[in-house]
Amino acid sequence: MPFTPSTTPESARRVACIGAGVIGGGWVAHFLARGYDVTAWDPAEDAEEKLHRLVSAAWPALEQLGLADGASRDRLTVAPTLAAAVAGADFVQESAPENLELKRSLLAELDAAAPPGVVIASSTSGYPMTDMQTTATDPSRLVVGHPFNPPYLIPLVEVVGGTHTDPAAVAWASRFYDLAGKSVITMDRELPGFIANRLQEALWREALHMVANGEATVEDIDASITEGPGLRWAFMGPCLTFALAGGEGGMAHMLDHFGPSLKSPWTRLEAPELDRALRDAMVDGCATAAGDRGYADLVAERDQGVINVLRATGRLPHPAPHRPQPARPTDSARLPRPHPLPLSPIPLFRQVVQEDWIDYNGHLSEAYYVLVFGFATDALMDASGLGADYRTRTGRSLYTVEAHVRHLAEVPRGSQLAVRTTVLGVAAKKLRVLHEMYRCDSAGEPSGDPVATEELFTLHVDQRQGRAVPFPDATRDLLAAAVAPAPEWAGHGIRPVGA
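Take 177 as the starting number for the sequence shown in my numbering and just add one per residue.
The reader is advised that the hints may include incorrect statements.
As the list claims (entries may be wrong) - Here are the in silico distance ranges between beta carbons for each label pair:
1) G422 / N537: 43 to 53 Å
2) P588 / G422: 47 to 57 Å
3) D364 / E542: 47 to 57 Å
4) I401 / P368: 19 to 29 Å
5) R469 / A421: 46 to 56 Å
6) E586 / D364: 52 to 62 Å
7) T313 / R408: 44 to 54 Å
8) A421 / P256: 54 to 64 Å
9) R251 / G422: 26 to 36 Å
10) D535 / G470: 19 to 29 Å
Quick caveat, the hints were computed from the structure, so don't treat them as lab data.
None of the values given here were measured: they were computed from a predicted structure.
Cβ coordinates follow ideal geometry from the N, Cα and C atoms, glycine included.
With these hints in hand, go ahead and build the complete structure from the sequences.
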């Protein structure tokens, strides 16, 4: 039967995650961070406890990447049954253990329980959907959505259907994943292991051979990747990497020069026998490599490393068009602009503290308080009609003449910040503004007292003329309507020594 979606990918709001292990729990964390309501189910007795622990461990990394507006761990519900989990879902992600019969029966059960027109995706790492959809009543909506661990950090998801999958369901899933911040490869045919796992498996197989034969240690193998080709693979795949090895002649020269060596390959095509000796060598080698770092330490180290690579290569998750853009370290994450402006204080800006903003005292460095406040000023300019288009068109902008910052509380790494802006006064060419910075609670809302404030006196300057000029009438009227009384402490200078 043809697939008829119950909603559009843009309108999808509720995700059901079936299976709450490492992969399923990673999906839960990812969807929560992107602002979805998530209902999870897993038959294990301790699944709920483990799931909350996994999400909590992932959350600091997700805060660094930038949470979607409204994202909260409180939007997670753990259902008592599979049927309850998928009731009302707009999308279903299955992440059960890799067992073909289990996958087959579970997908059939999900197909029977999920609302009509809802795509059901499997996280399988290798089974073709054709083999898994054989007992489903409506196989047209079953697709593979293969992630990489951890799903909340690694962008890639490979999407492919089976013989009986409607291409419209594959297209729907690909669009949904894209909106949810994933990097999507939509495959036009089934391939055992898909693409990335085929490549990853070849590398893993060779590593096992070298350990089994005593040719290399676990530590040496890992270092050979992290200190070698892994650095290139973070931003350039193996094909382009080898093309560069051909010099200006590119891949053509590479193949002509090195092609004959492929006839006498260095690699072994079959995996070694996984006997007890090899198993123990791998386990002991990994324990040696880990040293005194426990599982949680290694997860945190991995997550921070992935974030640093994504940030350095400009591949932080893109915003979902139907949700406000997540905060990023190089993007001032403006919140939706009301017109006219509401009464002050105006909530215009959010930002997550980045790892490299932390100083030697273990908290936010003072320079970054000013950076965040500067982003908040940019957000106010956007909201009042003085944004990038205006500045480019007119050559006019706000210039800060005087600023006073108060540091009221320490801000630790990973904190989500919100800035509330109060317009204290506006004249023909002048604007007085007050920013208050807050830490956010688990629901993403400003909480407690301000951790810092900044008071600004600014001028509207024509950069071409080199002098202050009047605001546009519409901007002045918007700002004037938002003026609020100054708090008692505003307008004070730096206190004298001994005061």
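Going through the hints against the structure:
1. G422 / N537: 43 to 53 Å: holds, 50 Å
2. P588 / G422: 47 to 57 Å: holds, 49 Å
3. D364 / E542: 47 to 57 Å: With Cβ atoms ~53 Å apart, the hint holds.
4. I401 / P368: 19 to 29 Å: Cβ of I401 to Cβ of P368: about 24 Å, so the range 19 to 29 Å holds.
5. R469 / A421: 46 to 56 Å: violated, 35 Å
6. E586 / D364: 52 to 62 Å: Holds - the Cβ-Cβ distance for E586 and D364, about 53 Å, lies within 52 to 62 Å.
7. T313 / R408: 44 to 54 Å: holds, 47 Å
8. A421 / P256: 54 to 64 Å: holds, 56 Å
9. R251 / G422: 26 to 36 Å: For G422 against R251, whose Cβ atoms are near 51 Å apart, the range 26 to 36 Å is violated.
10. D535 / G470: 19 to 29 Å: holds, 27 Å
Against the hints set out earlier in the document, violations occur for numbers 5 and 9.
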